[in-house]
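Below, each chain spelled out in residue letters.
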Amino acid sequence: MLTRIILALLLPLILLALWQAAAGAGMLSPAYFPAPLQTLDALTTSVVTGKLWGPFAATAWRMFQGWFAASLAGVILGAVIGFSRTARELLQPTLEFLRPFPASAVIPAAILIFGLSNAMAVWVIAFGSIWPVLLSTLHGFAAIEPRLKEVSAALEMRPVDYLRKVALPSALPDIFTGVRISLSIALILAVVVEMQSAQPGLGQNILLAQRMYRSPELYAGIVVLGLFGLAISWVLERVEQRLLAWKIRR
Amino acid sequence: MKALARGLILPATAVIGWELASRAGVLSLDTFSRPSDVVVAGAAAFVDGSLLLATLQTLQAAAVGLCLAIALGVPIGMIIGVSAATRLTVAPTLEVLRPVPPVALIPLSLLILGFGVSMEAAVVAFACVWSVMIATTAAVRSMEGRLAEVARALEMRPLAYMRKIVLPAALARIAVGVRVAVGIALVVAVTVEIVVNPRGLGYGMIIAQQSLRPDLMYAQLLWIGFVGWVINWGLLALDRRYLSHFANAGRR
Amino acid sequence: MTAIDIRDVSLEYGEGSGARLILSDISLTVRSGEFLSVIGPSGCGKTTLLRLIAGLVTPTRGAILCGDRKVDRPSRDRAIVFQDYGRALLPWRKIWSNVALPLEGGNIQGAALRERAIELLKVMRLEAVADHYPDQLSGGMQQRVQIARSLAQEPKIWLMDEPFGALDAITRQQLQDEVARLAAERNMTVVFITHDLEEAIYLGDRVVVLGAHPGRVVEEISVDLPKPRDQLTTREDPRFLAHRHHLFGLLQGH
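Residue numbers (the working numbering), protein chains in the order written: chain A, 1 to 250; chain B, 1 to 252; chain C, 1 to 254.
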């Protein structure tokens, strides 16, 4: 385990050391490629002075709101469409059209409708991140083992019990996959909305750092966003392992 | 036919309701322009060529970025797939880079490359490289061990082994990864244009919104949706014709 | 007393000129407590017949009565044991919980539920794997779990669809004896679908032979062999061999 960690750290450390040396020797323009230690310095400063936490919380909260709304709506809608043929026939073509839609393209329309507000940001995030949940939930409910439907019928299960005991557990792995992808899309859209429409947050911060040519701050911001993305996927992986132990063990 | 008609019920009702509501004065024209105005504005932009030019600009950046992603993702993915040493040393770094939201690189790309097609393509490439790379690694790793033994029996040199055995065996599944990347490429290109880059469809929408032309903005929004849908449809058709068959054959 | 009364049942799939006749004018009665084996070549609709009795499919013509009620949907009185045990168990539930499924919502709750499930697992000698998941068990054990679950719903009628078709010979013989014993002990009426001629004779009080295209009753024989039966002596009994000879000829003829 320890050797694995050391091996994994080797490459990034060598690259960073080379970068640091090249910057120190004046071979790299500090305006474009600031020395890694400068970036680290900017990062620690923003952590110590507390300047990081406000924008970080704003981005995280915005992302969470949009993702939560999308997940809730996506699971409910997906379940309804997965179960009901009529709903499927009415909605599927519209959904097929909307699915490959670049979510960020609705930002201008959202600004027109909601103004430059947090509500606008949350709507855009929710619109963009609903598709993975919706489609995977739909798939999960449509792909329930037919044999299990017969088992439930033979036991004269009530629809509520069928939903709770058979349909939901069976669709859960699919739903979870969708929810996980949705969260990473929600983070991307939170950053995009902040950059495009001047909502306070990490996205706006790095764009401002670029406009003012404060490249260490820019790099520090990217590092924070990267770590945040990494942390999110790590947490969701753990939750999935707990929740779906029966599936992952295979 | 009947299914198509049913599928059109919802969008048609929405459009007619929208038109009627705006004619009745319920919806503000500054926010929701009439569908009929949207059609007129879209037709005008189509006729004067501006819509097509913007489309080509967006597709150009998406295509360049995609090619970059393939040029980087396939070789790296193959090396990681073949060599256990790189899986220990290089792969973890890539795993850490993967969850970085690609849009976080927009300011960086702008800083280094300036406005234009190259900064947009760079962000597209970063967003797309992962699905290509992961598909390639998975394809190579799932390759049948017997083929590797054949190569060893023939005393093939590493480069010849890659070219003659690994790449053809993995090609079908790499194509699946590329198919996913195509979808991402268009989305990311439009996003970069909306955020900073003054070219293409995304920028066109921003300009229309800021110059108080909601009709033109909605027309472009629908057009972007249409372009995305056409690309997706084309990929699905290709998929059905070639990939699904090959992907299964490659696995066997 | 008649447990199942099948009256002139036909089943078609599709409509108009594309309609396919799956079962044609089947008439059968099963006595209460009787063990009826149904055998026939593949495509004769024997599984479909079982699904009709279960209420999973409704006939195009004719009717099925259980007791004095017409079968129009599944009922807890009729437990089904499917051939594909791997798909009929809930993969996210532990073994005991799978067996407890039919008990839920009844008057047993909480710890008693688990206890009752374990009791049923003991009947099938599965108590040691109560806390495993289905995919950790061999095929034979998974099928035992499904049988235990069907016992939990305390059925009057046991509908078994080639339950041992996918199992190895030794496991199959063990389960044959267990099913025969349980059916006798609990005085259940059994309809047992199989494609194994010897299994049909070994288990059945009566054997019905179905012909294919469309599925129809070709022959009904009573099996005059003493019960309980024995894997060695029964199978060597001249009457067993005579039945086998007779039915083998019939099946070859179709």
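Worth flagging that the hints you see were computed from the coordinates, not collected in a lab. Backbone N, C-alpha and C fix where the C-beta goes; we use that ideal spot for every residue, glycine too. Watch out, some of these pointers could steer you wrong.
[To be verified] To give an idea of the chain C side of the interface with chain A (calculated C-beta under 10 Å), a few residues: (1) 13; (2) 56; (3) 76; (4) 78; (5) 80; (6) 87; (7) 89; (8) 91; (9) 101; (10) 130.
Are residue 87 of chain C and chain A close enough, Cβ to Cβ, to be under 10 Å, as the hint says?
-> Holds. Min distance 4 Å.
Taking the least C-beta to C-beta distance, is residue 13 of chain C closer than 10 Å to chain A?
-> Constraint on residue 13 of chain C not satisfied, violated at 16 Å.
Going by Cβ atoms only, is residue 76 of chain C closer than 10 Å to chain A?
-> 5 Å, holds
Taking 10 Å as the limit, does the beta-carbon of residue 80 of chain C come near enough to a beta-carbon in chain A?
-> At 5 Å from the nearest chain A Cβ, residue 80 of chain C passes the 10 Å test, so the hint holds.
If you take the shortest Cβ to Cβ gap from residue 78 of chain C to chain A, is it below 10 Å?
-> Since chain A brings a Cβ to about 7 Å from residue 78 of chain C, closer than 10 Å, the hint holds.
Verify the interface restraint on residue 56 of chain C: the C-beta must sit less than 10 Å from at least one C-beta of chain A.
-> The hint holds - residue 56 of chain C has a Cβ within 10 Å of chain A, the shortest such distance being about 6 Å.
Identify whether the interface hint at residue 101 of chain C stands, where standing means a beta carbon of chain A within less than 10 Å of its own.
-> 7 Å, holds
Return the status of the interface hint for residue 130 of chain C: holds when the least beta-carbon distance to chain A is below 10 Å, violated otherwise.
-> Cβ of residue 130 of chain C sits 15 Å from chain A, so the hint is violated.
Holds or violated: is the Cβ of residue 91 of chain C closer than 10 Å to a Cβ in chain A?
-> Status holds, d = 6 Å.
Any CB of chain A closer than 10 Å to the CB of residue 89 of chain C?
-> With a closest approach of 9 Å, the residue 89 of chain C hint holds.
Checked against the numbered hints above, the structure breaks hints 1, 10 and satisfies the rest.
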